[in-house]
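Trainee: For reference, the chains in residue letters:
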Amino acid sequence: MRQVPGTPETETHEMSPPDKTVANIEHVGTAEVPGTTGQVHCLTIIGQVEGHVILPSQNKTTKYEHVIPQLVAVEQDPGIGGLLVVLNTVGGDVEAGLAIAEMIASLSKPTVSLVLGGGHSIGVPIAVSCRRSYIAHTATMTIHPIRLTGLVIGVPQTYEYLDKMQDRVVRFVVENSRISQEKYRELMFRTGELARDIGTVLVGRDAVNMGLIDEVGGVADALKWLNIAIAGNEDGHAH
Amino acid sequence: MLIEGPVPPGTPLVPLYTIFPPDVVWQDWPVFTDGLRQVAWHGRTVLVGSDGRVERLLSTDPRDFLDPRFQPGSRVPR
Chain A
1 MRQVPGTPET ETHEMSPPDK TVANIEHVGT AEVPGTTGQV HCLTIIGQVE
51 GHVILPSQNK TTKYEHVIPQ LVAVEQDPGI GGLLVVLNTV GGDVEAGLAI
101 AEMIASLSKP TVSLVLGGGH SIGVPIAVSC RRSYIAHTAT MTIHPIRLTG
151 LVIGVPQTYE YLDKMQDRVV RFVVENSRIS QEKYRELMFR TGELARDIGT
201 VLVGRDAVNM GLIDEVGGVA DALKWLNIAI AGNEDGHAH
Chain B
1001 MLIEGPVPPG TPLVPLYTIF PPDVVWQDWP VFTDGLRQVA WHGRTVLVGS
1051 DGRVERLLST DPRDFLDPRF QPGSRVPR
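One line per chain: the protein sequences are A and B, in this order. All residue numbers for the first sequence refer to my numbering, where the first residue is 1 and numbers rise by one. All residue numbers for the second sequence refer to my numbering, where the first residue is 1001 and numbers rise by one.
Mixed in with the good hints there might be a few duds.
[Said to hold, decoys possible] Restricting the straight-line Cα-Cα distance to at most 16 Å, the calculated cross-link-like pairs of lysine to aspartate or glutamate (EDC-like) are: (1) LYS60/A <-> GLU1055/B; (2) LYS60/A <-> ASP1034/B; (3) LYS60/A <-> ASP1061/B; (4) LYS63/A <-> GLU95/A; (5) LYS63/A <-> GLU1055/B.
[What the hints assert, rightly or not] A short, non-exhaustive set of chain B residues, derived as facing chain A with CB atoms under 8 Å: (6) THR1011; (7) TYR1017; (8) THR1018; (9) PHE1020; (10) PRO1022; (11) VAL1025; (12) TRP1026; (13) TRP1029; (14) VAL1031; (15) THR1033; (16) LEU1036; (17) ARG1056; (18) PRO1062; (19) ARG1063; (20) PRO1072.
[What the hints assert, rightly or not] Residues from chain A shown here face chain B by an in silico Cβ test under 7 Å; the list is partial: (21) VAL53; (22) PRO56; (23) LYS63; (24) HIS66; (25) VAL86; (26) ASN88; (27) VAL90; (28) GLY92; (29) VAL94; (30) ALA105; (31) SER108; (32) GLY117; (33) ILE122; (34) THR140; (35) THR142; (36) MET165.
Keep in mind the hints are simulated off the structure, nothing from the lab. The structure displayed is predicted, hence computed values, not measured ones. Even glycine gets a Cβ: it sits at the ideal position worked out from N, Cα and C.
My request is simple: use the sequences and hints to build the entire structure.
Mentor: Shown next as structure tokens:
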């Protein structure tokens, strides 16, 4: 991870080298953690995207109150040239996910996303918010309708509210990828593919063929594109 | 998900857009946050959970949020 310029160091709290090795083994299973040189900041979106409500502790979460200031810092820090967003998420809070996606889409610096494992539900707008998107061969993206849990008041307005919320997601995805609104809605409401729900699972190349993701690839492809874009040769992006 | 198990009573009305069934996401709801302690850590204030890990960073400086020491889940020694 990058060393942040201008961060005050408190000597008494600084880890000695042996402590650091122990902490590394404890956290990441290896004594020496490779650092990144260069101008790329890596943002990982994992587990549930946690928004206005703290989720129970069995959920692994990405907290939006930490991601949003990070994106502000990425935009402001002259030492950062571009952003790599790595996704392995099962979805989460609609508003938090859309907020992150809108923040990424409005960054002036080059951004690239890489979907590994899964980029489901609200992970889809986050994946397409980057200027260039990649998906691993085996990664999947599930597209399905939005639902509400909890005490729902059974009035037509509840449906209207839900429909509006779904429109926000659909509109963002359509505006930030090559997929058409008709196609996206068709995938969202398709029956017969999921055992417990309606919708579609797109695996690797399917997501590219549907126009959702730009290319099948891995971390090398994503970083290669990003480094070229940072060097000022930004071309061929999908938007 | 369409077919769902029982969710705990009082589950908040949050539009969660996820492939996980609500009964899995919301089990053990409500979450009690009384156990959070405010700790001064590297000149910043963090909220630390009972497991000694950062739950939340309280700062208005965006650069602090890029610092790995303040990321949720980072350990704060007692």
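Trainee: Does each hint fit the structure? Answer for all of them.
Mentor: Hint by hint, here is what the structure shows:
no.: 1; hint: LYS60/A <-> GLU1055/B; verdict: holds, 12 Å
no.: 2; hint: LYS60/A <-> ASP1034/B; verdict: violated, 20 Å
no.: 3; hint: LYS60/A <-> ASP1061/B; verdict: violated, 25 Å
no.: 4; hint: LYS63/A <-> GLU95/A; verdict: holds, 12 Å
no.: 5; hint: LYS63/A <-> GLU1055/B; verdict: holds, 9 Å
no.: 6; hint: THR1011; verdict: holds, 5 Å
no.: 7; hint: TYR1017; verdict: holds, 4 Å
no.: 8; hint: THR1018; verdict: holds, 3 Å
no.: 9; hint: PHE1020; verdict: holds, 5 Å
no.: 10; hint: PRO1022; verdict: holds, 4 Å
no.: 11; hint: VAL1025; verdict: holds, 6 Å
no.: 12; hint: TRP1026; verdict: holds, 7 Å
no.: 13; hint: TRP1029; verdict: holds, 5 Å
no.: 14; hint: VAL1031; verdict: holds, 5 Å
no.: 15; hint: THR1033; verdict: holds, 6 Å
no.: 16; hint: LEU1036; verdict: violated, 10 Å
no.: 17; hint: ARG1056; verdict: holds, 7 Å
no.: 18; hint: PRO1062; verdict: holds, 4 Å
no.: 19; hint: ARG1063; verdict: holds, 5 Å
no.: 20; hint: PRO1072; verdict: holds, 6 Å
no.: 21; hint: VAL53; verdict: holds, 5 Å
no.: 22; hint: PRO56; verdict: holds, 4 Å
no.: 23; hint: LYS63; verdict: holds, 6 Å
no.: 24; hint: HIS66; verdict: holds, 6 Å
no.: 25; hint: VAL86; verdict: violated, 15 Å
no.: 26; hint: ASN88; verdict: violated, 13 Å
no.: 27; hint: VAL90; verdict: holds, 5 Å
no.: 28; hint: GLY92; verdict: holds, 6 Å
no.: 29; hint: VAL94; verdict: holds, 4 Å
no.: 30; hint: ALA105; verdict: violated, 18 Å
no.: 31; hint: SER108; verdict: violated, 15 Å
no.: 32; hint: GLY117; verdict: violated, 12 Å
no.: 33; hint: ILE122; verdict: holds, 4 Å
no.: 34; hint: THR140; verdict: violated, 9 Å
no.: 35; hint: THR142; verdict: holds, 5 Å
no.: 36; hint: MET165; verdict: holds, 6 Å
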